[in-house]
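2 protein chains.
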Amino acid sequence: MMEKIVSLCKRRGFVYPASEIYGGINGFWDYGPLGVLLKNNIRNAWWRAMVECPPIGPDGHPIEMVGLDSSIIQHPRTWEASGHVGGFADPMSTCRQCKKLFRSDHVADMLREAEWVKSLAEGLGLDESGAGAVDIGRLRQWADRKAKKVAPGLALVRAFVPTLAAIEAALAGTPSPGLTPLLALVAAAPPPAAPCPACGGDLTEPRAFNLMFESHAGAIQDDANKVYLRPETAQGIFLNYKNVLDTSRVKVPFGVAQIGKSFRNEVTPRNFIFRSREFEQMEMEWFCHPDEARTWYEFWKHERMRWWLSLGVSSENLRFREHDPDELSHYSKMTVDIEYRYPFTAPDFGELEGIAHRGSFDLTQHQTHSGQKLDYFDQELQLKLKAEGRPDDEIKAKSRYIPNVIEPASGLTRAVLLLLCEGYAEDASRASPVYLRFDAKMAPIKCGIFPLVNKDGLPEIAEKLYLELRGRHACEYDAKQSIGKRYARMDEIGTPFCVTIDGQTREDQTVTLRERDTAAQERVAIDRIPALLAERLG
Amino acid sequence: MMEKIVSLCKRRGFVYPASEIYGGINGFWDYGPLGVLLKNNIRNAWWRAMVECPPIGPDGHPIEMVGLDSSIIQHPRTWEASGHVGGFADPMSTCRQCKKLFRSDHVADMLREAEWVKSLAEGLGLDESGAGAVDIGRLRQWADRKAKKVAPGLALVRAFVPTLAAIEAALAGTPSPGLTPLLALVAAAPPPAAPCPACGGDLTEPRAFNLMFESHAGAIQDDANKVYLRPETAQGIFLNYKNVLDTSRVKVPFGVAQIGKSFRNEVTPRNFIFRSREFEQMEMEWFCHPDEARTWYEFWKHERMRWWLSLGVSSENLRFREHDPDELSHYSKMTVDIEYRYPFTAPDFGELEGIAHRGSFDLTQHQTHSGQKLDYFDQELQLKLKAEGRPDDEIKAKSRYIPNVIEPASGLTRAVLLLLCEGYAEDASRASPVYLRFDAKMAPIKCGIFPLVNKDGLPEIAEKLYLELRGRHACEYDAKQSIGKRYARMDEIGTPFCVTIDGQTREDQTVTLRERDTAAQERVAIDRIPALLAERLG
Numbered sequence: 004m005m006e007k008i009v010s011l012c013k014r015r016g017f018v019y020p021a022s023e024i025y026g027g028i029n030g031f032w033d034y035g036p037l038g039v040l041l042k043n044n045i046r047n048a049w050w051r052a053m054v055e056c057p058p059i060g061p062d063g064h065p066i067e068m069v070g071l072d073s074s075i076i077q078h079p080r081t082w083e084a085s086g087h088v089g090g091f092a093d094p095m096s097t098c099r100q101c102k103k104l105f106r107s108d109h110v111a112d113m114l115r116e117a118e119w120v121k122s123l124a125e126g127l128g129l130d131e132s133g134a135g136a137v138d139i140g141r142l143r144q145w146a147d148r149k150a151k152k153v154a155p156g157l158a159l160v161r162a163f164v165p166t167l168a169a170i171e172a173a174l175a176g177t178p179s180p181g182l183t184p185l186l187a188l189v190a191a192a193p194p195p196a197a198p199c200p201a202c203g204g205d206l207t208e209p210r211a212f213n214l215m216f217e218s219h220a221g222a223i224q225d226d227a228n229k230v231y232l233r234p235e236t237a238q239g240i241f242l243n244y245k246n247v248l249d250t251s252r253v254k255v256p257f258g259v260a261q262i263g264k265s266f267r268n269e270v271t272p273r274n275f276i277f278r279s280r281e282f283e284q285m286e287m288e289w290f291c292h293p294d295e296a297r298t299w300y301e302f303w304k305h306e307r308m309r310w311w312l313s314l315g316v317s318s319e320n321l322r323f324r325e326h327d328p329d330e331l332s333h334y335s336k337m338t339v340d341i342e343y344r345y346p347f348t349a350p351d352f353g354e355l356e357g358i359a360h361r362g363s364f365d366l367t368q369h370q371t372h373s374g375q376k377l378d379y380f381d382q383e384l385q386l387k388l389k390a391e392g393r394p395d396d397e398i399k400a401k402s403r404y405i406p407n408v409i410e411p412a413s414g415l416t417r418a419v420l421l422l423l424c425e426g427y428a429e430d431a432s433r434a435s436p437v438y439l440r441f442d443a444k445m446a447p448i449k450c451g452i453f454p455l456v457n458k459d460g461l462p463e464i465a466e467k468l469y470l471e472l473r474g475r476h477a478c479e480y481d482a483k484q485s486i487g488k489r490y491a492r493m494d495e496i497g498t499p500f501c502v503t504i505d506g507q508t509r510e511d512q513t514v515t516l517r518e519r520d521t522a523a524q525e526r527v528a529i530d531r532i533p534a535l536l537a538e539r540l541g
Numbered sequence: 004m005m006e007k008i009v010s011l012c013k014r015r016g017f018v019y020p021a022s023e024i025y026g027g028i029n030g031f032w033d034y035g036p037l038g039v040l041l042k043n044n045i046r047n048a049w050w051r052a053m054v055e056c057p058p059i060g061p062d063g064h065p066i067e068m069v070g071l072d073s074s075i076i077q078h079p080r081t082w083e084a085s086g087h088v089g090g091f092a093d094p095m096s097t098c099r100q101c102k103k104l105f106r107s108d109h110v111a112d113m114l115r116e117a118e119w120v121k122s123l124a125e126g127l128g129l130d131e132s133g134a135g136a137v138d139i140g141r142l143r144q145w146a147d148r149k150a151k152k153v154a155p156g157l158a159l160v161r162a163f164v165p166t167l168a169a170i171e172a173a174l175a176g177t178p179s180p181g182l183t184p185l186l187a188l189v190a191a192a193p194p195p196a197a198p199c200p201a202c203g204g205d206l207t208e209p210r211a212f213n214l215m216f217e218s219h220a221g222a223i224q225d226d227a228n229k230v231y232l233r234p235e236t237a238q239g240i241f242l243n244y245k246n247v248l249d250t251s252r253v254k255v256p257f258g259v260a261q262i263g264k265s266f267r268n269e270v271t272p273r274n275f276i277f278r279s280r281e282f283e284q285m286e287m288e289w290f291c292h293p294d295e296a297r298t299w300y301e302f303w304k305h306e307r308m309r310w311w312l313s314l315g316v317s318s319e320n321l322r323f324r325e326h327d328p329d330e331l332s333h334y335s336k337m338t339v340d341i342e343y344r345y346p347f348t349a350p351d352f353g354e355l356e357g358i359a360h361r362g363s364f365d366l367t368q369h370q371t372h373s374g375q376k377l378d379y380f381d382q383e384l385q386l387k388l389k390a391e392g393r394p395d396d397e398i399k400a401k402s403r404y405i406p407n408v409i410e411p412a413s414g415l416t417r418a419v420l421l422l423l424c425e426g427y428a429e430d431a432s433r434a435s436p437v438y439l440r441f442d443a444k445m446a447p448i449k450c451g452i453f454p455l456v457n458k459d460g461l462p463e464i465a466e467k468l469y470l471e472l473r474g475r476h477a478c479e480y481d482a483k484q485s486i487g488k489r490y491a492r493m494d495e496i497g498t499p500f501c502v503t504i505d506g507q508t509r510e511d512q513t514v515t516l517r518e519r520d521t522a523a524q525e526r527v528a529i530d531r532i533p534a535l536l537a538e539r540l541g
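Same order as they appear, the protein sequences are chains A and B.
With the working numbering as the guide, the letters of the first sequence map in order to residues 4 to 541.
With the working numbering as the guide, the letters of the second sequence map in order to residues 4 to 541.
If you're looking for bench data, these hints aren't it; they were derived computationally from the structure.
Treat the hints loosely; a few may be bogus.
Given that identical chains are not distinguished, each listed pair holds provided it fits within a single copy or across any two copies.
Here are the computed lysine-lysine pairs in the DSBU-like style, where the Cα-Cα straight-line distance is at most 30 Å [unchecked claim]: (1) K121 <-> K488; (2) K387 <-> K488; (3) K229 <-> K102; (4) K376 <-> K7; (5) K254 <-> K13; (6) K152 <-> K103; (7) K264 <-> K13; (8) K229 <-> K304; (9) K229 <-> K103; (10) K254 <-> K376; (11) K444 <-> K264; (12) K336 <-> K399; (13) K151 <-> K458; (14) K151 <-> K254; (15) K149 <-> K264; (16) K229 <-> K444; (17) K389 <-> K152; (18) K103 <-> K488; (19) K389 <-> K254; (20) K102 <-> K121; (21) K376 <-> K152; (22) K458 <-> K7.
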């Protein structure tokens, strides 16, 4: 199903591979005319739910939230404080023979799919799992005929005589070793080392490979000028926590919301726009009193789920997954993921948004690394505790603190994927056998406006209606092709309504209003269209 | 005046220096709670004028325009084709003594301001322009006492005896050489070489310094993986020209509009957010028949000026400036700038937007470098020419072509600066002696909503009004401080309206509506406020 979605995205202008005319560039995607509209709709909905109309808090009053747009490139010490310079890394191994690079934790999976491993199992007559006795004669034959071509880096090829002798000795006691031990033998690589999935050669020990893109700001490319493309927008918020407190009218608890691009030099970008090297995030940091962090964690967990449902995503395809203590990131006290059933994970679920209780980790780190005081004096709490007659020590201890942070962090580009997957539907009986059932709010185009034929005064009527509507809803005017083809195209791009102007329109001022999901058509007065659309689009 | 604007921007949360807690990072800025709202208002206005409601074309019908959001990192060959790898460079010189870097074309200006040059002129008793006779005794004294400290790299310091001898010889005939020849003598650097503005040392020959930020995509940092951060959004549009044609319903002429970040590794970022290393652009590429390019150039020139005026910018502060043929970029046939009178250029003007006739340069370059056909077959033109009975040769020649491009390109972050400069006003008689006279459409906050006191049931009434209004206009609720201070703050951030709920509100359901520019207050019924605001905000 993913292949069909990727193909539809390309065909209709949602998402193109970046630099396609130059053969593409792995892990980068461009958002076409419809993709950018869909992305903007999601961005605007998030911004509205966070910054313009944030939810009512547990006390019945609207919470305080402001927006921010910080730079992608920040001072490099930012990433030392955040832990990204030291820790934000994947383990990587290189093949000493063919020089290819692999994520060390992917090698076992890749070996199961490797061409030379399949060839070896076939040559020895083993079954798929590698079970069965190894015949030395057949192994010798395979090494001689096939292996030179499919696994030139293999020890059995590079050092035939001693390797074969060692294998014979080892097989004497266990003629049916199973696949992994067999691979260790032919590669002369005792576990946990494993051979190269590409050529069978020796892999280096895993080394940490940092996921941040590096660059240099200023004319000289030396370490003093090294900078990083941000791997998350969150740190830009922490850097400005004090600026926001000092220059706006917010008080703890409050939130700072930001939408923007981030970059991760993924070793294996995959699953279309799910994991790309350049992507867009929607992150909010909620600063609160440590004693209230648990309450706010629960608050945001449910608010965020409510928001995803409000985009028209089915509750059956969404779920919470609390992280076990041993899988928590170094900064997190507790984390819950909102997961979605993607086509490439189904029937299982995959990550959509993380809501993390980050404690005071980030502000403490930046306080330490910058030497700037980032604690907060909570005057209102002080007055409240005084009024309650609490002891001075307690008042002092409780009313000055480094705020705790609850962070709902999601991907804007991943949300685009979500809506495409959620909307994708097949129905062979329709003019377009696939179509997109976007929630009307999220649809890139809300209404197609068509003159039935491109003459007889119909285009003039249609264009007038188009000009009247386009300021309120995203509309598309199209005068060409058969009306069936035009409807089919609108179905395929998820347009909820179409209006067709025909010969009858000139006589009685009525038009055809067509609805996407049911394909139902009704005849309505043309001057009722603006009000009808406003009502049905919400 | 710029200093005051920069200070207001920081103080009220429009623009912060990026990574300020780490001492900042030269050329990068963060947009605070109000800055991001102002920026979004400009972005949305541009997107609306380009993509949602593009102008009516010269033929009386709406033109065709779609949006795009392409990747910041593209295939590196993109920048070979565009000319950025070869040509997008500033000439730079390094000092052989102190190792500092200078833009070669800035050195002459910098020398006039250099500390050691001033010290030299003072030591010799020359006037500001360097006129006057040079006394060898005083020069010897200056070299001995001052120069060692202020100009340790100077030849006269490093090689005192031979340099002084050469100076004596040269001065024998011309005792009053003037400043530039004198500098050449003390630095032993015959023109056009000039000494280092920082230490007087020897500068290297100018070398081209490329303005693109470099990085690497993939695990290995070698030349094969080198990528660039885009220095302009335009190329992302050219890369997708064919995709857009193939997958949407546009036909030539049509436009593709894009808003997004770009990066230029400026040697000397300056003038606040006017020239920063990370910035945001709004660019549109208009693809048209070569014979019509001149007409569209004029069309967009005037449309774009009209748009800037629609943001409330005074026509006195805007002007056109056509580029002379000898200052045109390599790709451009003609270019006109829309210029603005910035505080740092006044009474002169500086660049705001460029409208360039790029001919077929970009598509031709990408066609050559990618090997993909990027020409266009204009079926409608073919039919029209046939109907006119034109000869087959002419029809064939005219109806297949590489489109010409007209590009209106402006900076979103520069537009933020423009509105701040344009809005900035001083009036010592007001509660806030400075305030921002934004056009109401562009103001980050449209309405402040205040209970006069934070008790007696007033906050409840105010909060209810706030919740009713905030979905339609950006509103701020504030219950603290004296009402005068709250009005003053709203003036300073450019909020056009304030509504105050007081004791009388509970009796007769009226509130005070205050207008920013006049500070006039009127008493109106609270239930008329939504309609009044809707009307006055347009």
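Now the hints, each set against the structure:
no.: 1; hint: K121 <-> K488; verdict: neither (47 Å within a copy, 77 Å between copies)
no.: 2; hint: K387 <-> K488; verdict: between (68 Å within a copy, 25 Å between copies)
no.: 3; hint: K229 <-> K102; verdict: both (27 Å within a copy, 18 Å between copies)
no.: 4; hint: K376 <-> K7; verdict: between (53 Å within a copy, 27 Å between copies)
no.: 5; hint: K254 <-> K13; verdict: between (47 Å within a copy, 18 Å between copies)
no.: 6; hint: K152 <-> K103; verdict: within (17 Å within a copy, 55 Å between copies)
no.: 7; hint: K264 <-> K13; verdict: both (22 Å within a copy, 24 Å between copies)
no.: 8; hint: K229 <-> K304; verdict: neither (37 Å within a copy, 41 Å between copies)
no.: 9; hint: K229 <-> K103; verdict: both (27 Å within a copy, 17 Å between copies)
no.: 10; hint: K254 <-> K376; verdict: within (17 Å within a copy, 59 Å between copies)
no.: 11; hint: K444 <-> K264; verdict: both (24 Å within a copy, 27 Å between copies)
no.: 12; hint: K336 <-> K399; verdict: within (25 Å within a copy, 70 Å between copies)
no.: 13; hint: K151 <-> K458; verdict: neither (70 Å within a copy, 86 Å between copies)
no.: 14; hint: K151 <-> K254; verdict: neither (70 Å within a copy, 55 Å between copies)
no.: 15; hint: K149 <-> K264; verdict: neither (47 Å within a copy, 52 Å between copies)
no.: 16; hint: K229 <-> K444; verdict: neither (43 Å within a copy, 41 Å between copies)
no.: 17; hint: K389 <-> K152; verdict: neither (81 Å within a copy, 61 Å between copies)
no.: 18; hint: K103 <-> K488; verdict: neither (48 Å within a copy, 65 Å between copies)
no.: 19; hint: K389 <-> K254; verdict: within (19 Å within a copy, 72 Å between copies)
no.: 20; hint: K102 <-> K121; verdict: within (22 Å within a copy, 59 Å between copies)
no.: 21; hint: K376 <-> K152; verdict: neither (64 Å within a copy, 38 Å between copies)
no.: 22; hint: K458 <-> K7; verdict: neither (37 Å within a copy, 60 Å between copies)
Of the hints listed earlier, those the structure fails to meet are numbers 1, 8, 13, 14, 15, 16, 17, 18, 21, 22, in rising order.
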